[in-house]
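Enquirer: Given next are the chains, with one letter for each unit.
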Amino acid sequence: MLTEIPVEFDEKLRTLLKIMVEEGVTYAARGFSDMVGTPLSISRPQVHLVPLAEVPNLLGGPESEAVGIYLRAQGEISGQIMLILAYAKALELTDMMMSQTPGTTQTLGAMERSALAELGNLTGTFFLNALAAFAGLGARPTPPAVMVDMVGAILDVIVATHGGVGKQVLMLQVAFWARSGKSRPISG
Amino acid sequence: MLAELCSVAVGLGEIKISRNPADVLVAYGLGSCMGVGMYDPEARVGGLLHAVLPVRNGTGDVLAAKYVDTGLAQLLDELTQAGAERRRLIVRMAGGANMLGMSDPARLFNIGQRNIVAAHEFLTAHRLRAQAQTVGGTAGRTMRVYVANGRMTVRSMGHHEQDI
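If you read the sequences in order, they're chains A and B. First residue of the first sequence? That's 1 in this note's numbering, and the numbers climb one at a time after it. First residue of the second sequence? That's 1 in this note's numbering, and the numbers climb one at a time after it.
Extracted from the complex, chain A is given alone in its bound form (with noise of 0.2 Å):
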């Protein structure tokens, strides 16, 4: 996930920050937890402030494949969140939440998109409610798009919206697995 750094960024800006999005990223995986059926467990996320043009090369390189769920924030807070997962973690998830056994989803048509689709929906807005109760402001986001393609050209919707070659931004880094072990952590 993404958020533009104010330019007016210091070291107690960044702390607080962190504050919330942690937050933020366990609300979210709770949603998520409970659209799986799967009591989950998460990482403590990883929060990196980074060039924007380094993100695609922290994320396997700009060619790299890829599945990013995009909304947008409205009302008091704005601003845009995407949800990045490796494209072979992508399957993995879909297998997670369709019930199936891994392994099942080999490519994403359009009911595995829709899947992913509400996976953005729901921890986008648990990830937004967190936010938005900390800050004591009003948000809600936009109904989520799933782009299929390389890192590079899903992140241009954020660089193009933004301009913002030369910008900074917040990088949250954030692995979960299901409680049972027996699957591998899913990092995102």
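It is possible that part of the hints are untrue.
Beyond 12 Å from chain A on every Cβ pair, some chain B residues (computed) [claimed, not checked]: (1) 6; (2) 22; (3) 43; (4) 85; (5) 86; (6) 87; (7) 148; (8) 150; (9) 162; (10) 163.
Which residues of chain A face chain B? A partial, calculated answer using Cβ under 10 Å [to be verified]: (11) 52; (12) 53; (13) 87; (14) 95; (15) 102; (16) 149; (17) 150; (18) 152; (19) 177.
Just so you know, these hints were derived from the structure itself, not from any lab. Note that the Cβ used here is the ideal one computed from N, Cα and C, for glycine as well.
Chain A is fixed; fit chain B onto it per the hints.
Expert: Coordinates of chain B only, in the frame set by chain A:
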């Protein structure tokens, strides 16, 4: 024996020019961004622009290559300085997709389409034209310019590299 090829990444808002026949200029993962390649087959010099937005207005970023209009002007300047002649230039371009596709019925900002239009307007104003293009749609693309022979290619996810 063929020299080993060397990929030279052309990042967001960047221009790369090369006379080294081993170089392959690459703009990875173009979504709404535009990749514009130019090549002079006599001077054997090539260049590639990876522009993000269509037009730089007065208050825009100082980074010329971030915009299609100022980026193309800079690409032409740098190629000319490297020995290319405008009348010999082969121009090809890729990108300008709408990554949100049908999920974006309002066509938010419509940046991909505006990038395509800006590129054509610049080329027309400078008496140039794109000999080939793979633009628009909803899929990302990687564009390559092979400096050895001016070959330009595009690859989309799940597809092989194709000449344009």
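Enquirer: Hint residue 177(A) vs chain B: min CB-CB distance below 10 Å?
Expert: violated (27 Å)
Enquirer: Hint validation: residue 87(A) versus chain B, beta carbon distance must be below 10 Å. Holds or violated?
Expert: Constraint on residue 87(A) satisfied, holds at 9 Å.
Enquirer: Is the Cβ of residue 43(B) farther than 12 Å from every Cβ of chain A?
Expert: holds (29 Å)
Enquirer: Is the interface hint satisfied for residue 95(A)? The criterion is a beta-carbon contact with chain B at less than 10 Å.
Expert: violated (20 Å)
Enquirer: Does the claim that residue 150(B) lies off the interface hold, with its Cβ farther than 12 Å from every Cβ of chain A?
Expert: holds (22 Å)
Enquirer: Just to be careful: measuring from the Cβ of residue 53(A) to every Cβ in chain B, is the smallest value less than 10 Å?
Expert: holds (5 Å)
Enquirer: Does the no-contact call for residue 86(B) survive, Cβ to all of chain A over 12 Å?
Expert: holds (27 Å)
Enquirer: A closest beta-carbon separation below 10 Å is what the hint needs, so does residue 152(A) meet it against chain B?
Expert: holds (2 Å)
Enquirer: Could you check if residue 52(A) really has its C-beta closer than 10 Å to a C-beta on chain B?
Expert: Holds. Min distance 8 Å.
Enquirer: Would the hint on residue 150(A) stand, with a C-beta cut-off of 10 Å toward chain B?
Expert: Since the shortest Cβ distance to chain B is 4 Å, the answer is holds.
Enquirer: Beyond 12 Å from every Cβ of chain A: is that where the Cβ of residue 148(B) lies?
Expert: At roughly 22 Å from the nearest Cβ of chain A, residue 148(B) sits farther out than 12 Å, so the non-interface label holds.
Enquirer: Have a go at the residue 149(A) hint: is there a Cβ in chain B nearer than 10 Å to its own Cβ?
Expert: holds (4 Å)
This entry does not satisfy hints 14, 15 and 19, going by the numbered hints stated previously.
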